[in-house]
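Colleague: Using the hints, position chain S against chain B.
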Amino acid sequence: MDLLRWPIVGPFLRWRHARTSLQLLFLAAAIVVVLHGFFGPDIASANLATTLVWVHYRGLLVLALLAAGNLFCAGCPFIKARDWGRRLHAPRLKRPGWLRGKWVALVLFAAVLYTYELFDLWSLPLATTWIVLAYFVAALVVDLVFTGATFCKHLCPVGQFNFIASMMSPLELRAGDAATCASCRTADCVAGRRSPEPARPLVQRGCELGLYMPAKVGNIDCTFCLDCVQACPHDNIVLAPRVPGLELADTRRRSALGRIAQRADLVALVVLFVFGALTNAFAMVTPVRRVELWIADLIGTQSEAVILASLFATSIVAVPAVLLAAASWLMRVLTRDPRSVSALAMRYVYALVPFGFGVWLAHYGFHLLTGMLVVVPITQAAAIDIFGQALLGEPLWRWAGLRPGAVFPIQVGLLVLGTIGALGVLTVMASDDYGDDAGRAIVPWALLILLLFGAGVWVMYQPMEMRGLGIGA
Amino acid sequence: MTLLATAALVTACARTSGAKLSVEARTVPDHPALNQPFFVEVRGHEGDERRPISGARVDIIGRMDHPGMAPAVAAVSETEPALYRGTLTLGMAGKWTLQAAVALPDGTRAVQQVELEMQP
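Those protein sequence lines, which keep their order, are chains B and S.
Reminder that position 357 of the first sequence reads as 357 in this note's numbering, one-by-one numbering, no gaps.
Reminder that position 52 of the second sequence reads as 525 in this note's numbering, one-by-one numbering, no gaps.
Hints may be right or wrong, so weigh each one.
[Unchecked claim] To be clear about the criterion: a stretch of chain B counts as covered by chain S if any three or more of its residues have a C-beta under 8 Å from a C-beta of chain S, and this derived list gives those stretches:
(1) 37-50
(2) 100-111
(3) 117-125
(4) 368-377
[Said to hold, decoys possible] Computed from the model, here is a short list of chain B residues facing chain S with C-beta under 7 Å:
(5) 55
(6) 286
(7) 332
(8) 400
[Stated by the list, open to error] Listing some non-contacts, in silico: residues in chain B with all C-beta distances to chain S over 12 Å:
(9) 56
(10) 258
(11) 289
(12) 326
(13) 329
FYI, nobody ran anything at the bench for these hints, they're computed from the structure.
Virtual Cβ for every residue (Gly too), placed ideally from N, Cα, C.
Chain B on its own, in the form it takes in the complex (with noise of 0.2 Å):
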């Protein structure tokens, strides 16, 4: 099955501005969220800024990535502010050797989730608005600077979230018929494809992440670009849908990636993405006070950026560490494997994705659904600051989502999703590993994810406080 070759759906993607068309709507949204950044009140709850970003935009992509794929990377505005820019200047430099891998994105999506609880982000919409304004430059700069797609592949925070995200997503661009591509020669899907003119001028950009379609596996670092698909001169490219998860437990080696399991920063993105999940979710409920002040009695100091990043380097580095460790362990000795504990660790820790992206979409699905039609009296009294009258009507503020008590059962029903989702995975990951010991082999795994699980049940039932995590607040 392929979905470039459905009606309707089909021509939309293989039409060559299909991309366009999608970054330009969130072009117009950006811009939206900018002016009434500046322009809008300074509530939160009444401004677009924050509204657009933090519930609508975080709302919709997990639920994209979890229904289709990296929509929001296809149709990422600030890219296309980046590919106007280079319209005037052509990057010339590779990007540099420290530049490599997903470290310098970790620091970064670590950093965005810190200084969102530090300075709570999602009550500030001017913050906000520079934040937008804040990625547009960086787009723009780094890849001005570096040729490729330099800035989505090792640094967009967000894109390195929907990269882990989008391997539990349903669809998959991939090479069509393998004879197909092994008898091509110019490997345009990566390369880009030229003119049979003589001077052969670039005609269509292959993958600017490095991609080649035959050896590609799986979605990380796939933006749905679908440059290959304009790029293939054999139209062998499929947008084909797949199990969801299963290429966390497949080993073979990736293009562009290699071996995940061998690759450190990626590891410690998903241990990022999933406890970082657990984190984000745990900042917004009432017992992380009594968290605060215990750490604040613990180390002596009054001062939140220490306290949050103890918070921080507990939940997110000891306590992982530990769990990972243990569970990597006691496999090996149930098992008797050879490999060393960590050679364990990188294998089985994206057995734990799924109950990740369970805990993001229960976490982002509840502002979503409370708070989906806010947006609609905000912009209605926008409509009045703007023309002095109500043009759009007087603004129905009634009109905001579903309950939250109508929402926790979703939301739990989204984490006991992600759970038997990774124990899925696990299970699939132990029996190529061990066959018929596949079971007492995932024990010390299945128990950890019980344990997340019961976690992320405990943080989701626990009421709501909206101050942040300002300790003298």
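Modeller: Same frame as chain B, but now just chain S:
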């Protein structure tokens, strides 16, 4: 539950063609409790003579810091001439901003905000 809230009274003003509209709002009691209904009283005055306003459209909305959180919207009625009263119940701890928005038939509008910190 501890009863603790801080409220700041701010008079907000708006001006249209020749008219000046000011709004005052307060909570009753001064320190509302979580999950307990309380009143928000709003008075509007027009012009330099501060003429009390009757028959205005008054919206009283409680907003949390976090975007997308459902606002608390009061049903407002004019209980005495130029005194508008609505009832709110705030069900989540944290920082709330109460907005009292007054709109006259001629389109003149003004908003006043009251900050509340609701403790669990």
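Colleague: Hint by hint, which ones does this structure get wrong, listed from lowest number up?
Modeller: 2, 7, 9 and 11
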